[in-house]
Each structure stands twice: as C-alpha cells, then as structure tokens.
Amino acid sequence: MATYNKHQQFVEDVAEKVHDLGSDTLTVALTTNANAPVATNSILSDLTEISYTNLSSRAITTTSSAHTTGTYKLTLTDLVLSASGAVATFRMVEIYNDTPASPLNPLIGWYDHGSDVTLASGETYTLDFDDANGFIQIA
Amino acid sequence: MSVEIDLNGVNTKTVECICIGRSKAFTVVVIPSLVDGSARLIEMYCLNCGRGTKIMDGYIGVREAETKTDVITDRQGRKHHCLKAETGYLKSGGFN
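Chains as they are written, first to last, in our numbering: chain A, 1 to 139; chain B, 1001 to 1096.
Check before you lean on any hint, since a few could be wrong.
Cut-off 25 Å, straight-line C-alpha distance, at most; resulting in silico cross-link-like pairs (SDA-like, lysine to any residue) [claimed, not checked]:
#1 B:K1091 / A:N33
#2 B:K1079 / A:A34
#3 B:K1079 / A:S115
#4 A:K6 / B:K1091
#5 B:K1091 / A:M1
#6 B:K1068 / A:L104
If you are wondering where the hints come from, they were derived from the structure by calculation, not from laboratory data.
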C-alpha cells in the first residue's frame, strides 16, 4: 500500500476541534512531484494544486467514524476520479478537510503515487482506502 | 481463469488466475460507467495472458492486490489507475 504521510499540524487540529471528522467533507487535492506536500504544510493554500479541468468531483464520502474499545477509526468510501478530457499531470494525492473556515481547508495527510499520472478522456484514477483499517486511526 | 462476481453488491473479488504457468490471486475491479455511474462488465480477462470471458457491457480489468499502485487498461485502450491508501495511525505512545 502507498504510505500515509502525516501533516504535523493535523494532530494539533484534532486536539483543538478544528476537525469534525464524522460530518465534515474530506476532499482530494492533487499536486505535481515538483510541488509535493511536506510535513510542515498545514492548510490547502500552502500547496500548489494542478488544474482540475475535465476531472470529476474530488469530494470523499465518509463511511463511518467511530471508536471500538478506545481506538478511533475513520473509514472512507473509495473515490473514483473520472476524466472527461485531458487532465493535468499529477503525482501527489493530498487529503484535506474542505469544511472548516478557520483555519481554511486544513490538511490531513498525503500519498505519493510514485510516478506521474496523466489522465486522458475516459480514464479514471481510483483512491482505494483500506476498508478494514480505515483511512486513519487514533489510539 | 474462474470468476464469480456480484454486480448488485460487492464490486471487487479475489480470484485465482492461472496463466503463464502459475497461479496467483488477483482482485477483479469493476470500473463504474462514465455514462451513468453504474458498474458494468464487458469482458473479464487476465492482463497477464489476455484470456477472458465476455459477460456484459461495461469495463473490467484485473488488478493485483499486493502493490501500492497499479494501472489497468480496458479493451478500449483507456487506462484506469489506482492508489491503495495505507492507514494513518496517530498514537499517543502509551497514554491511558
């Protein structure tokens, strides 16, 4: 599986009620390798995103948000991004919270696809979250 | 290749693919239709050996379960990429 990379600010944001992970809308942002996220980035405006022309909705559906015997797990529905035309090249897949206004669009974590991805019309990109262990766990 | 798939529910299934002299578990992935979002099959075939069975209209490929990312190509030559996202663990280091 592609490694989860944590933004440092996220742990403080969780503790200071920036996130309501049970009801907020998490969204995908895409960047090139040259503009890759780093751990010290904290909000979406810290990143340089690609153009999303010809790409379908990047909003993620939350499947469940609950704890079991003290371990919290956030489970997300797999997201399929579909191209209706040529889409700009990307490599990094960022997950951020699209709901909070202050701080605006706080970052959560990101994945490195490992190589550039270019979508042509009719092609797709699936973000396959772990159904069993979830997107994140807090214990 | 022997495959069973439930189009009304689960859209992934681990199957055994026997080709090029070996047997290996794959996950079958049904690509949602770009027209109406529904999951449909046209052919189920192995990307290693190309053998498959025509079932119904749609898109299908065979995806390995072990890798971080992969790409399958449908019979129209379109690529379908996938990133398998690892779980992030935020732990308190023994705090009780």
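Verification of the supplied hints:
The straight-line distance between the Cα atoms of B:K1091 and A:N33 is roughly 29 Å, outside the 25 Å bound, and the hint therefore fails. Between B:K1079 and A:A34, the direct Cα distance comes to roughly 24 Å. Compliance with the 25 Å bound is thereby established for this hinted pair. For the hint pairing B:K1079 with A:S115, the CA-to-CA distance comes to about 14 Å; that is within 25 Å, so the pair holds. The suggested pairing of A:K6 with B:K1091 holds, with an alpha-carbon distance near 12 Å, which does not exceed 25 Å.
Among the hinted pairs, B:K1091 with A:M1 is consistent with the structure: their alpha-carbon atoms are about 20 Å apart, no more than 25 Å. With a CA separation close to 31 Å, the supplied pair B:K1068 and A:L104 exceeds the 25 Å bound.
This entry does not satisfy hints 1 and 6, going by the numbered hints stated previously.
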